[in-house]
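Numbering (this note's numbering) for the sequence shown: 1 to 540.
Incorrect hints may appear among the rest.
What the hints assert, rightly or not - Capping the alpha-carbon separation at 30 Å, the derived lysine-lysine pairs in DSSO-like fashion look like this:
| id | residue 1 | residue 2 |
| --- | --- | --- |
| 1 | Lys511 | Lys530 |
| 2 | Lys530 | Lys116 |
| 3 | Lys504 | Lys492 |
| 4 | Lys116 | Lys226 |
| 5 | Lys398 | Lys492 |
| 6 | Lys398 | Lys467 |
| 7 | Lys226 | Lys511 |
| 8 | Lys511 | Lys493 |
| 9 | Lys247 | Lys467 |
| 10 | Lys118 | Lys226 |
| 11 | Lys398 | Lys333 |
| 12 | Lys467 | Lys492 |
| 13 | Lys333 | Lys185 |
| 14 | Lys492 | Lys511 |
| 15 | Lys28 | Lys467 |
| 16 | Lys493 | Lys504 |
| 17 | Lys504 | Lys467 |
| 18 | Lys333 | Lys511 |
| 19 | Lys398 | Lys493 |
| 20 | Lys28 | Lys185 |
| 21 | Lys28 | Lys492 |
| 22 | Lys530 | Lys492 |
| 23 | Lys398 | Lys28 |
| 24 | Lys247 | Lys226 |
| 25 | Lys504 | Lys333 |
| 26 | Lys530 | Lys118 |
| 27 | Lys493 | Lys467 |
| 28 | Lys504 | Lys530 |
| 29 | Lys185 | Lys247 |
| 30 | Lys493 | Lys530 |
| 31 | Lys511 | Lys28 |
| 32 | Lys28 | Lys226 |
Derived by calculation from the structure, the hints in this document are not laboratory data.
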Amino acid sequence: MHIGLILLGFGIAALSPLLTFAHLWQIKEWRWDRLMDHAREEGAFRTFLNPLRILVGATWAAGFLILVLAIQMGYGENHSEGLLSVWGLLLPAGLATLSILQITLRRQPLPVWTQKAKSIVALSVLLTTLFLVLFWEYTTTGYDKPGNVIETHPLRSLIIVLPFTESFVVMLAWTLLLPLDTFLKQRILNRARRLRSAHPEITVIGVTGSMGKTTTKELLACALGKDAIATSAYVNSEIGVARWLLKNLDAKKLRSQEASVYVVEMGAYRRGEIALLCSIAQPNLGVITAIGTQHIALFGSQEDLLSAKGELVEALPEHGHAFINIDSALSTKLRTRARCPVTTVGTGGPSDCEAFDIEETPRGIRFRVGETPFSLPLHGTHNVTNVLLTIAVAEHLKIPHAVIAERLSRFAPLPGTFSVEERNGVTVLNDTHNCSPESAAAAIRWAESRPASQKILLTSGIIEQGKETLSVHRELGQQCVPVFPRVIFLNKKLAQFFAQGYGKNVEIYSKEITPVSAGSLLVCLGRMPKSTIERLLPHS
(Lines of atoms letter the chains of each structure in order from A; the text may use other names.)
(Lines give C-alpha, C1' and ligand atoms only; values in the text may rest on other atoms or scores of the structure.)
Protein backbone atom coordinates (compact mmCIF):
# COMPACT_ATOMS: atom_id res chain seq x y z
CA MET A 1 0.00 0.00 0.00
CA HIS A 2 1.71 3.22 -1.13
CA ILE A 3 2.21 5.81 1.59
CA GLY A 4 1.76 8.79 -0.74
CA LEU A 5 -1.71 7.73 -1.92
CA ILE A 6 -2.93 7.04 1.61
CA LEU A 7 -1.67 10.34 3.03
CA LEU A 8 -3.04 12.31 0.09
CA GLY A 9 -6.40 10.57 0.35
CA PHE A 10 -6.81 11.24 4.07
CA GLY A 11 -5.58 14.81 3.65
CA ILE A 12 -8.18 15.61 0.98
CA ALA A 13 -10.83 13.73 2.95
CA ALA A 14 -10.19 15.97 5.96
CA LEU A 15 -10.59 19.19 3.96
CA SER A 16 -14.40 19.22 3.67
CA PRO A 17 -15.20 18.68 7.39
CA LEU A 18 -12.50 21.23 8.25
CA LEU A 19 -14.13 23.91 6.06
CA THR A 20 -17.64 22.97 7.22
CA PHE A 21 -16.77 23.39 10.88
CA ALA A 22 -14.86 26.63 10.23
CA HIS A 23 -17.95 27.96 8.42
CA LEU A 24 -20.21 27.05 11.36
CA TRP A 25 -17.92 28.56 13.99
CA GLN A 26 -17.50 31.76 12.02
CA ILE A 27 -21.31 32.12 11.93
CA LYS A 28 -21.10 31.85 15.72
CA GLU A 29 -18.47 34.65 15.60
CA TRP A 30 -15.66 32.33 16.79
CA ARG A 31 -17.27 32.43 20.23
CA TRP A 32 -16.97 29.36 22.41
CA ASP A 33 -20.24 30.12 24.27
CA ARG A 34 -22.28 30.39 21.06
CA LEU A 35 -20.70 27.22 19.66
CA MET A 36 -21.55 25.24 22.80
CA ASP A 37 -25.11 26.59 22.80
CA HIS A 38 -25.41 25.43 19.18
CA ALA A 39 -24.15 21.99 20.25
CA ARG A 40 -26.79 21.85 23.00
CA GLU A 41 -29.55 22.73 20.53
CA GLU A 42 -28.40 20.66 17.54
CA GLY A 43 -26.62 17.88 19.43
CA ALA A 44 -22.89 17.45 19.95
CA PHE A 45 -22.75 14.62 17.40
CA ARG A 46 -24.05 16.79 14.55
CA THR A 47 -21.98 19.78 15.63
CA PHE A 48 -18.56 18.19 16.05
CA LEU A 49 -18.82 15.08 13.86
CA ASN A 50 -20.12 14.62 10.33
CA PRO A 51 -22.90 11.97 10.27
CA LEU A 52 -22.40 11.15 6.57
CA ARG A 53 -18.70 10.53 7.01
CA ILE A 54 -19.33 8.51 10.15
CA LEU A 55 -21.69 6.32 8.12
CA VAL A 56 -19.08 5.89 5.38
CA GLY A 57 -16.40 5.07 7.97
CA ALA A 58 -18.63 2.59 9.81
CA THR A 59 -19.51 0.85 6.53
CA TRP A 60 -15.82 0.60 5.62
CA ALA A 61 -14.90 -0.73 9.08
CA ALA A 62 -17.65 -3.37 8.91
CA GLY A 63 -16.43 -4.43 5.47
CA PHE A 64 -12.84 -4.56 6.71
CA LEU A 65 -13.81 -6.87 9.61
CA ILE A 66 -15.77 -9.12 7.27
CA LEU A 67 -12.78 -9.27 4.91
CA VAL A 68 -10.37 -10.15 7.75
CA LEU A 69 -12.72 -12.88 9.04
CA ALA A 70 -13.09 -14.25 5.52
CA ILE A 71 -9.30 -14.44 5.10
CA GLN A 72 -8.93 -16.16 8.47
CA MET A 73 -11.51 -18.72 7.37
CA GLY A 74 -9.50 -19.41 4.23
CA TYR A 75 -11.35 -17.31 1.67
CA GLY A 76 -8.92 -15.36 -0.51
CA GLU A 77 -5.99 -16.33 1.70
CA ASN A 78 -3.61 -16.45 -1.24
CA HIS A 79 -4.42 -12.86 -2.11
CA SER A 80 -4.94 -11.55 1.42
CA GLU A 81 -2.24 -8.86 1.27
CA GLY A 82 -3.55 -7.48 -2.01
CA LEU A 83 -7.18 -7.54 -0.83
CA LEU A 84 -6.36 -5.76 2.43
CA SER A 85 -4.28 -3.16 0.57
CA VAL A 86 -7.08 -2.41 -1.88
CA TRP A 87 -9.67 -2.23 0.90
CA GLY A 88 -7.36 0.03 2.92
CA LEU A 89 -7.25 2.48 0.03
CA LEU A 90 -11.03 2.51 -0.40
CA LEU A 91 -11.74 4.62 2.71
CA PRO A 92 -9.39 7.55 2.00
CA ALA A 93 -10.31 7.36 -1.69
CA GLY A 94 -14.04 7.40 -0.96
CA LEU A 95 -13.88 10.21 1.58
CA ALA A 96 -11.52 12.22 -0.63
CA THR A 97 -13.95 11.84 -3.54
CA LEU A 98 -16.76 13.06 -1.27
CA SER A 99 -14.75 16.18 -0.38
CA ILE A 100 -13.87 16.87 -4.02
CA LEU A 101 -17.49 16.47 -5.14
CA GLN A 102 -18.80 18.83 -2.43
CA ILE A 103 -16.27 21.50 -3.41
CA THR A 104 -16.58 21.17 -7.20
CA LEU A 105 -20.40 21.05 -7.08
CA ARG A 106 -20.34 24.16 -4.84
CA ARG A 107 -22.17 22.44 -2.04
CA GLN A 108 -19.32 22.89 0.39
CA PRO A 109 -20.01 25.46 3.14
CA LEU A 110 -17.14 27.93 3.21
CA PRO A 111 -16.19 30.59 5.74
CA VAL A 112 -16.02 34.19 4.65
CA TRP A 113 -12.33 34.65 4.02
CA THR A 114 -11.47 37.24 6.65
CA GLN A 115 -7.90 37.40 7.93
CA LYS A 116 -8.94 35.47 11.04
CA ALA A 117 -10.66 32.75 9.01
CA LYS A 118 -7.64 32.44 6.72
CA SER A 119 -5.30 32.09 9.70
CA ILE A 120 -7.41 29.47 11.48
CA VAL A 121 -8.02 27.39 8.34
CA ALA A 122 -4.35 27.61 7.27
CA LEU A 123 -3.12 26.50 10.70
CA SER A 124 -5.72 23.72 10.75
CA VAL A 125 -4.46 22.44 7.40
CA LEU A 126 -0.87 22.61 8.67
CA LEU A 127 -1.76 20.72 11.86
CA THR A 128 -3.60 18.08 9.83
CA THR A 129 -0.62 17.63 7.53
CA LEU A 130 1.80 17.38 10.46
CA PHE A 131 -0.45 14.87 12.19
CA LEU A 132 -0.64 12.70 9.07
CA VAL A 133 3.11 12.68 8.48
CA LEU A 134 4.18 12.26 12.12
CA PHE A 135 1.54 9.65 12.90
CA TRP A 136 2.46 7.62 9.83
CA GLU A 137 6.16 7.76 10.65
CA TYR A 138 5.50 6.79 14.29
CA THR A 139 3.46 3.75 13.28
CA THR A 140 5.89 2.59 10.55
CA THR A 141 8.88 0.49 11.55
CA GLY A 142 10.32 -0.50 8.18
CA TYR A 143 10.23 -0.32 4.38
CA ASP A 144 11.47 -2.79 1.77
CA LYS A 145 11.74 -0.10 -0.88
CA PRO A 146 10.63 3.55 -1.08
CA GLY A 147 6.95 3.86 -0.35
CA ASN A 148 6.22 0.20 0.49
CA VAL A 149 5.69 -0.48 4.21
CA ILE A 150 6.64 -3.93 5.51
CA GLU A 151 6.13 -3.43 9.26
CA THR A 152 3.51 -1.28 10.98
CA HIS A 153 2.42 -0.47 14.49
CA PRO A 154 -1.04 -1.71 15.60
CA LEU A 155 -2.12 1.92 16.10
CA ARG A 156 -1.83 2.54 12.33
CA SER A 157 -5.57 1.93 11.89
CA LEU A 158 -6.37 4.97 14.06
CA ILE A 159 -5.50 7.21 11.13
CA ILE A 160 -9.02 6.59 9.82
CA VAL A 161 -10.47 8.84 12.54
CA LEU A 162 -8.82 11.99 11.13
CA PRO A 163 -11.56 12.96 8.61
CA PHE A 164 -14.14 12.58 11.39
CA THR A 165 -12.41 14.75 13.97
CA GLU A 166 -11.36 17.86 12.02
CA SER A 167 -13.59 20.00 14.24
CA PHE A 168 -11.16 19.34 17.10
CA VAL A 169 -8.23 20.28 14.88
CA VAL A 170 -9.95 23.61 14.09
CA MET A 171 -10.56 24.18 17.80
CA LEU A 172 -6.88 23.45 18.50
CA ALA A 173 -5.85 25.95 15.81
CA TRP A 174 -8.19 28.56 17.31
CA THR A 175 -6.73 27.92 20.78
CA LEU A 176 -3.14 28.23 19.56
CA LEU A 177 -3.92 31.50 17.79
CA LEU A 178 -5.96 32.92 20.70
CA PRO A 179 -3.08 34.75 22.49
CA LEU A 180 -2.01 36.44 19.25
CA ASP A 181 -5.62 37.18 18.32
CA THR A 182 -6.27 38.71 21.74
CA PHE A 183 -3.13 40.85 21.54
CA LEU A 184 -3.91 42.14 18.04
CA LYS A 185 -7.56 42.72 18.94
CA GLN A 186 -6.59 44.77 21.98
CA ARG A 187 -4.25 46.89 19.87
CA ILE A 188 -7.06 47.66 17.45
CA LEU A 189 -9.49 48.50 20.26
CA ASN A 190 -6.97 50.83 21.91
CA ARG A 191 -6.16 52.59 18.63
CA ALA A 192 -9.85 53.13 17.93
CA ARG A 193 -10.42 54.41 21.47
CA ARG A 194 -7.57 56.92 21.20
CA LEU A 195 -8.65 58.13 17.76
CA ARG A 196 -12.25 58.61 18.91
CA SER A 197 -11.03 60.63 21.91
CA ALA A 198 -9.04 62.82 19.53
CA HIS A 199 -12.26 63.88 17.76
CA PRO A 200 -14.63 65.28 20.41
CA GLU A 201 -16.42 67.30 17.70
CA ILE A 202 -18.01 64.11 16.35
CA THR A 203 -21.46 63.12 17.59
CA VAL A 204 -21.76 59.36 18.08
CA ILE A 205 -25.18 57.72 18.37
CA GLY A 206 -25.21 54.27 19.94
CA VAL A 207 -28.13 51.99 19.06
CA THR A 208 -28.99 48.80 20.94
CA GLY A 209 -31.93 46.57 21.87
CA SER A 210 -33.12 43.02 21.23
CA MET A 211 -34.86 43.76 17.95
CA GLY A 212 -34.88 46.66 15.51
CA LYS A 213 -31.24 47.71 16.00
CA THR A 214 -30.22 47.36 12.37
CA THR A 215 -33.42 48.90 11.02
CA THR A 216 -33.20 51.87 13.40
CA LYS A 217 -29.55 52.40 12.56
CA GLU A 218 -30.40 52.49 8.85
CA LEU A 219 -33.38 54.78 9.49
CA LEU A 220 -31.12 57.22 11.34
CA ALA A 221 -28.58 57.26 8.52
CA CYS A 222 -31.40 57.98 6.08
CA ALA A 223 -33.06 60.72 8.16
CA LEU A 224 -29.83 62.53 9.04
CA GLY A 225 -28.75 62.67 5.40
CA LYS A 226 -25.20 63.53 4.37
CA ASP A 227 -24.37 64.65 7.92
CA ALA A 228 -24.32 61.02 9.09
CA ILE A 229 -22.65 57.71 8.35
CA ALA A 230 -23.57 54.39 9.94
CA THR A 231 -21.76 51.16 10.70
CA SER A 232 -21.73 48.75 7.79
CA ALA A 233 -24.39 46.07 7.40
CA TYR A 234 -24.51 43.78 10.45
CA VAL A 235 -21.34 45.24 12.04
CA ASN A 236 -22.08 45.56 15.77
CA SER A 237 -19.28 43.78 17.69
CA GLU A 238 -16.39 45.53 19.44
CA ILE A 239 -13.79 44.53 16.83
CA GLY A 240 -16.10 45.34 13.91
CA VAL A 241 -17.01 48.74 15.32
CA ALA A 242 -13.37 49.50 16.19
CA ARG A 243 -12.21 48.76 12.66
CA TRP A 244 -15.06 50.82 11.22
CA LEU A 245 -14.13 53.77 13.44
CA LEU A 246 -10.46 53.52 12.50
CA LYS A 247 -11.41 53.57 8.84
CA ASN A 248 -13.79 56.52 9.11
CA LEU A 249 -12.08 58.60 11.80
CA ASP A 250 -8.75 58.70 10.06
CA ALA A 251 -7.68 62.35 10.14
CA LYS A 252 -7.09 62.66 6.38
CA LYS A 253 -10.41 61.07 5.50
CA LEU A 254 -12.21 63.15 8.11
CA ARG A 255 -11.17 66.40 6.39
CA SER A 256 -12.76 65.24 3.14
CA GLN A 257 -15.95 63.92 4.77
CA GLU A 258 -19.06 65.98 5.40
CA ALA A 259 -20.36 63.57 8.05
CA SER A 260 -20.28 64.80 11.62
CA VAL A 261 -22.63 62.17 13.09
CA TYR A 262 -21.60 58.53 13.43
CA VAL A 263 -24.36 55.96 14.02
CA VAL A 264 -23.06 52.82 15.72
CA GLU A 265 -25.09 49.63 16.13
CA MET A 266 -24.17 47.82 19.36
CA GLY A 267 -24.80 44.10 19.86
CA ALA A 268 -23.98 41.85 22.79
CA TYR A 269 -24.28 38.30 24.08
CA ARG A 270 -22.93 38.92 27.60
CA ARG A 271 -22.90 41.64 30.23
CA GLY A 272 -19.99 44.04 29.80
CA GLU A 273 -19.84 43.83 26.01
CA ILE A 274 -21.89 46.98 25.34
CA ALA A 275 -19.91 48.77 28.05
CA LEU A 276 -16.75 47.82 26.13
CA LEU A 277 -18.27 49.13 22.89
CA CYS A 278 -19.15 52.38 24.65
CA SER A 279 -15.60 52.77 25.93
CA ILE A 280 -14.46 52.65 22.30
CA ALA A 281 -17.17 54.63 20.49
CA GLN A 282 -17.87 57.03 23.39
CA PRO A 283 -21.49 57.79 22.35
CA ASN A 284 -23.11 61.17 23.04
CA LEU A 285 -26.61 59.92 22.24
CA GLY A 286 -28.09 56.51 23.00
CA VAL A 287 -31.08 54.79 21.40
CA ILE A 288 -32.85 51.83 23.03
CA THR A 289 -35.21 49.90 20.75
CA ALA A 290 -37.45 47.04 21.98
CA ILE A 291 -35.93 44.62 24.48
CA GLY A 292 -37.09 41.00 24.48
CA THR A 293 -35.47 37.59 24.87
CA GLN A 294 -33.05 37.34 21.96
CA HIS A 295 -29.88 35.35 22.88
CA ILE A 296 -31.22 34.87 26.42
CA ALA A 297 -29.47 31.48 26.66
CA LEU A 298 -26.12 33.30 26.45
CA PHE A 299 -27.06 36.12 28.81
CA GLY A 300 -28.32 33.60 31.35
CA SER A 301 -31.38 35.54 32.51
CA GLN A 302 -33.73 38.35 31.55
CA GLU A 303 -32.17 40.49 34.28
CA ASP A 304 -28.67 40.05 32.83
CA LEU A 305 -29.97 40.80 29.33
CA LEU A 306 -31.62 44.00 30.56
CA SER A 307 -28.49 45.03 32.46
CA ALA A 308 -26.37 44.49 29.34
CA LYS A 309 -28.61 46.71 27.21
CA GLY A 310 -28.68 49.29 29.99
CA GLU A 311 -24.91 49.69 29.74
CA LEU A 312 -25.46 52.08 26.83
CA VAL A 313 -27.70 54.37 28.88
CA GLU A 314 -25.29 54.27 31.83
CA ALA A 315 -22.33 55.17 29.58
CA LEU A 316 -23.91 58.38 28.25
CA PRO A 317 -22.40 61.60 29.68
CA GLU A 318 -24.53 64.06 31.66
CA HIS A 319 -24.66 66.36 28.64
CA GLY A 320 -25.77 63.46 26.42
CA HIS A 321 -29.29 62.30 25.63
CA ALA A 322 -31.11 58.94 25.70
CA PHE A 323 -34.04 57.91 23.49
CA ILE A 324 -36.15 55.00 24.73
CA ASN A 325 -39.03 53.00 23.24
CA ILE A 326 -41.59 52.80 26.07
CA ASP A 327 -43.89 50.49 24.10
CA SER A 328 -41.38 47.87 25.29
CA ALA A 329 -41.94 47.29 29.01
CA LEU A 330 -38.33 46.19 29.55
CA SER A 331 -36.89 49.18 27.70
CA THR A 332 -38.96 51.48 29.92
CA LYS A 333 -37.11 50.16 32.99
CA LEU A 334 -33.88 51.72 31.72
CA ARG A 335 -35.13 55.31 32.08
CA THR A 336 -33.93 55.53 35.68
CA ARG A 337 -30.39 54.47 34.77
CA ALA A 338 -29.64 57.58 32.70
CA ARG A 339 -27.63 60.51 34.08
CA CYS A 340 -28.71 62.58 31.09
CA PRO A 341 -32.08 63.80 29.74
CA VAL A 342 -34.35 61.09 28.30
CA THR A 343 -36.84 61.31 25.42
CA THR A 344 -39.50 58.59 25.22
CA VAL A 345 -41.36 57.38 22.13
CA GLY A 346 -44.41 55.17 21.86
CA THR A 347 -47.74 54.32 20.29
CA GLY A 348 -49.75 53.01 23.21
CA GLY A 349 -49.83 55.92 25.65
CA PRO A 350 -48.38 59.29 26.60
CA SER A 351 -44.79 59.78 25.47
CA ASP A 352 -42.57 62.63 24.32
CA CYS A 353 -42.86 61.53 20.68
CA GLU A 354 -46.08 59.67 19.87
CA ALA A 355 -47.55 58.31 16.63
CA PHE A 356 -51.21 58.62 15.68
CA ASP A 357 -53.39 57.25 12.86
CA ILE A 358 -51.08 54.29 12.29
CA GLU A 359 -51.88 52.37 9.13
CA GLU A 360 -50.32 49.48 7.21
CA THR A 361 -50.58 50.02 3.44
CA PRO A 362 -49.52 47.83 0.50
CA ARG A 363 -46.46 50.08 0.18
CA GLY A 364 -45.49 50.23 3.85
CA ILE A 365 -46.48 52.08 7.03
CA ARG A 366 -48.15 55.46 7.43
CA PHE A 367 -48.81 57.57 10.54
CA ARG A 368 -48.79 61.09 11.93
CA VAL A 369 -46.53 62.82 14.48
CA GLY A 370 -48.11 66.09 15.51
CA GLU A 371 -49.32 67.63 12.27
CA THR A 372 -46.68 65.96 10.09
CA PRO A 373 -47.63 62.82 8.11
CA PHE A 374 -45.00 60.14 7.63
CA SER A 375 -45.15 57.45 4.94
CA LEU A 376 -42.34 54.90 4.58
CA PRO A 377 -41.71 51.92 2.29
CA LEU A 378 -41.14 49.88 5.46
CA HIS A 379 -43.56 47.14 6.50
CA GLY A 380 -44.80 46.11 9.93
CA THR A 381 -46.50 48.42 12.41
CA HIS A 382 -44.02 47.21 15.04
CA ASN A 383 -41.47 49.32 13.11
CA VAL A 384 -43.35 52.53 13.95
CA THR A 385 -41.46 52.88 17.24
CA ASN A 386 -38.15 52.49 15.37
CA VAL A 387 -39.19 55.35 13.10
CA LEU A 388 -40.28 57.40 16.13
CA LEU A 389 -36.85 56.93 17.71
CA THR A 390 -35.33 58.20 14.48
CA ILE A 391 -37.65 61.22 14.39
CA ALA A 392 -36.86 62.06 18.02
CA VAL A 393 -33.09 61.90 17.43
CA ALA A 394 -33.30 63.95 14.21
CA GLU A 395 -35.47 66.55 15.93
CA HIS A 396 -32.92 66.74 18.76
CA LEU A 397 -30.29 67.46 16.10
CA LYS A 398 -32.40 70.38 14.81
CA ILE A 399 -33.77 68.76 11.64
CA PRO A 400 -37.35 69.89 10.80
CA HIS A 401 -40.13 67.30 10.66
CA ALA A 402 -40.84 68.05 7.00
CA VAL A 403 -37.24 67.28 6.04
CA ILE A 404 -37.24 64.08 8.12
CA ALA A 405 -40.48 62.93 6.48
CA GLU A 406 -39.18 63.60 2.98
CA ARG A 407 -35.93 61.71 3.59
CA LEU A 408 -37.66 58.74 5.22
CA SER A 409 -40.08 58.43 2.30
CA ARG A 410 -37.05 57.19 0.31
CA PHE A 411 -35.91 54.66 2.93
CA ALA A 412 -34.89 51.18 1.76
CA PRO A 413 -34.50 48.44 4.41
CA LEU A 414 -31.50 46.13 4.28
CA PRO A 415 -32.21 42.66 2.82
CA GLY A 416 -33.30 40.25 5.53
CA THR A 417 -34.59 42.93 7.91
CA PHE A 418 -38.38 42.67 7.47
CA SER A 419 -38.05 43.47 3.78
CA VAL A 420 -40.93 42.68 1.39
CA GLU A 421 -40.65 41.99 -2.32
CA GLU A 422 -42.56 40.32 -5.14
CA ARG A 423 -40.80 37.25 -6.58
CA ASN A 424 -42.32 35.26 -9.45
CA GLY A 425 -45.83 36.21 -8.37
CA VAL A 426 -45.14 35.46 -4.69
CA THR A 427 -45.00 38.08 -1.94
CA VAL A 428 -41.91 37.29 0.14
CA LEU A 429 -41.35 38.68 3.63
CA ASN A 430 -37.64 38.25 4.31
CA ASP A 431 -36.77 38.55 8.00
CA THR A 432 -33.82 36.18 7.95
CA HIS A 433 -31.09 38.37 9.43
CA ASN A 434 -32.20 37.48 12.93
CA CYS A 435 -35.21 35.98 14.63
CA SER A 436 -36.48 36.45 18.18
CA PRO A 437 -39.85 35.50 19.73
CA GLU A 438 -40.88 39.15 19.51
CA SER A 439 -39.89 39.65 15.86
CA ALA A 440 -41.56 36.34 14.92
CA ALA A 441 -44.78 37.46 16.62
CA ALA A 442 -44.62 40.75 14.70
CA ALA A 443 -44.20 38.88 11.40
CA ILE A 444 -47.19 36.65 12.19
CA ARG A 445 -49.38 39.68 12.98
CA TRP A 446 -48.29 41.32 9.74
CA ALA A 447 -48.99 38.17 7.71
CA GLU A 448 -52.44 37.83 9.27
CA SER A 449 -53.40 41.26 7.93
CA ARG A 450 -52.22 40.64 4.37
CA PRO A 451 -54.42 39.30 1.56
CA ALA A 452 -53.06 36.17 -0.16
CA SER A 453 -54.42 32.97 -1.73
CA GLN A 454 -52.20 30.96 0.62
CA LYS A 455 -49.85 31.85 3.46
CA ILE A 456 -46.73 29.77 4.08
CA LEU A 457 -44.19 30.03 6.89
CA LEU A 458 -40.60 29.00 6.16
CA THR A 459 -38.38 29.10 9.24
CA SER A 460 -35.19 27.77 10.78
CA GLY A 461 -36.63 28.41 14.24
CA ILE A 462 -35.48 30.68 17.05
CA ILE A 463 -31.99 29.95 18.34
CA GLU A 464 -30.24 30.60 21.67
CA GLN A 465 -33.35 30.39 23.85
CA GLY A 466 -31.82 27.95 26.33
CA LYS A 467 -34.27 26.16 28.62
CA GLU A 468 -37.12 28.17 27.08
CA THR A 469 -36.60 26.63 23.62
CA LEU A 470 -39.51 24.18 23.95
CA SER A 471 -42.02 26.69 25.33
CA VAL A 472 -41.00 29.41 22.85
CA HIS A 473 -41.58 27.14 19.84
CA ARG A 474 -44.77 25.67 21.25
CA GLU A 475 -46.12 29.21 21.68
CA LEU A 476 -44.95 30.08 18.17
CA GLY A 477 -46.91 27.10 16.85
CA GLN A 478 -50.07 28.24 18.63
CA GLN A 479 -49.74 31.73 17.14
CA CYS A 480 -49.41 30.29 13.63
CA VAL A 481 -52.54 28.10 13.72
CA PRO A 482 -55.01 30.71 12.38
CA VAL A 483 -52.53 32.27 9.94
CA PHE A 484 -50.43 29.62 8.19
CA PRO A 485 -52.04 26.46 6.76
CA ARG A 486 -48.58 25.37 5.63
CA VAL A 487 -45.40 25.51 7.72
CA ILE A 488 -41.94 24.42 6.56
CA PHE A 489 -39.09 23.97 9.07
CA LEU A 490 -35.39 23.68 8.38
CA ASN A 491 -34.65 22.24 11.83
CA LYS A 492 -36.24 18.86 12.71
CA LYS A 493 -35.79 19.19 16.47
CA LEU A 494 -37.34 22.66 16.67
CA ALA A 495 -40.10 21.52 14.30
CA GLN A 496 -41.13 18.89 16.86
CA PHE A 497 -41.48 21.55 19.56
CA PHE A 498 -43.41 23.82 17.17
CA ALA A 499 -45.78 20.99 16.19
CA GLN A 500 -46.87 20.59 19.83
CA GLY A 501 -48.46 24.03 19.67
CA TYR A 502 -49.41 23.95 15.99
CA GLY A 503 -51.33 20.69 16.28
CA LYS A 504 -50.93 19.86 12.57
CA ASN A 505 -48.30 18.39 10.28
CA VAL A 506 -45.13 20.42 9.83
CA GLU A 507 -43.07 19.91 6.66
CA ILE A 508 -39.33 19.42 6.93
CA TYR A 509 -37.43 21.21 4.19
CA SER A 510 -35.76 19.00 1.58
CA LYS A 511 -34.66 19.21 -2.04
CA GLU A 512 -37.97 17.63 -3.06
CA ILE A 513 -40.06 20.31 -1.35
CA THR A 514 -43.15 21.41 -3.28
CA PRO A 515 -42.84 25.05 -4.43
CA VAL A 516 -45.46 27.60 -3.41
CA SER A 517 -47.94 28.84 -6.00
CA ALA A 518 -48.24 32.32 -7.50
CA GLY A 519 -50.40 34.63 -5.42
CA SER A 520 -49.06 33.18 -2.15
CA LEU A 521 -47.44 34.95 0.79
CA LEU A 522 -44.15 33.36 1.88
CA VAL A 523 -42.89 34.47 5.30
CA CYS A 524 -39.22 33.60 5.88
CA LEU A 525 -37.96 33.80 9.48
CA GLY A 526 -34.51 32.98 10.86
CA ARG A 527 -31.11 32.37 9.30
CA MET A 528 -31.18 30.48 5.99
CA PRO A 529 -29.36 30.56 2.64
CA LYS A 530 -30.91 32.54 -0.21
CA SER A 531 -31.04 29.31 -2.21
CA THR A 532 -33.50 27.86 0.32
CA ILE A 533 -36.01 30.61 -0.45
CA GLU A 534 -35.32 30.42 -4.19
CA ARG A 535 -36.13 26.71 -4.26
CA LEU A 536 -39.63 27.37 -2.91
CA LEU A 537 -40.53 29.99 -5.51
CA PRO A 538 -42.48 28.94 -8.62
CA HIS A 539 -40.57 28.82 -11.89
CA SER A 540 -40.89 32.05 -13.87
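Right, here's what the structure says about each hint:
1. Lys511 with Lys530: Holds - the C-alpha atoms of lysine 530 and lysine 511 are around 14 Å apart, at most 30 Å.
2. Lys530 with Lys116: With Cα atoms ~25 Å apart, lysine 530 and lysine 116 stay inside 30 Å; holds.
3. Lys504 with Lys492: Holds, at about 15 Å.
4. Lys116 with Lys226: violated (33 Å)
5. Lys398 with Lys492: Status violated; Cα separation ~52 Å.
6. Lys398 with Lys467: The hint is violated at about 46 Å.
7. Lys226 with Lys511: With a Cα-Cα distance of about 46 Å, the restraint between lysine 226 and lysine 511 is violated, given a limit of 30 Å.
8. Lys511 with Lys493: holds (19 Å)
9. Lys247 with Lys467: Measuring from Cα to Cα gives roughly 41 Å; hence the hint is violated.
10. Lys118 with Lys226: violated (36 Å)
11. Lys398 with Lys333: Roughly 28 Å separates the two Cα atoms, so the pair holds.
12. Lys467 with Lys492: Roughly 18 Å between the alpha carbons, so the hint for lysine 467 and lysine 492 holds.
13. Lys333 with Lys185: Between lysine 333 and lysine 185 the Cα gap is close to 34 Å, so the pair fails against 30 Å, i.e. violated.
14. Lys492 with Lys511: holds (15 Å)
15. Lys28 with Lys467: holds (19 Å)
16. Lys493 with Lys504: Holds, at roughly 16 Å.
17. Lys504 with Lys467: holds (24 Å)
18. Lys333 with Lys511: Given pair lysine 333, lysine 511 is violated - Cα atoms ~47 Å apart, limit 30 Å.
19. Lys398 with Lys493: It is violated: about 51 Å lies between the C-alpha atoms, which goes past 30 Å.
20. Lys28 with Lys185: The given pair, whose Cα atoms are some 18 Å apart, holds under the 30 Å limit.
21. Lys28 with Lys492: Holds, because 20 Å separates the two Cα atoms, which is no more than 30 Å.
22. Lys530 with Lys492: holds (20 Å)
23. Lys398 with Lys28: violated (40 Å)
24. Lys247 with Lys226: Holds, at roughly 18 Å.
25. Lys504 with Lys333: violated (39 Å)
26. Lys530 with Lys118: holds (24 Å)
27. Lys493 with Lys467: Satisfied, since the Cα-Cα distance of roughly 14 Å is no more than 30 Å.
28. Lys504 with Lys530: The given pair, whose Cα atoms are some 27 Å apart, holds under the 30 Å limit.
29. Lys185 with Lys247: At roughly 15 Å apart (the allowed maximum being 30 Å), lysine 247 and lysine 185 satisfy the hint.
30. Lys493 with Lys530: holds (22 Å)
31. Lys511 with Lys28: Within the cut-off at roughly 26 Å; holds.
32. Lys28 with Lys226: violated (34 Å)
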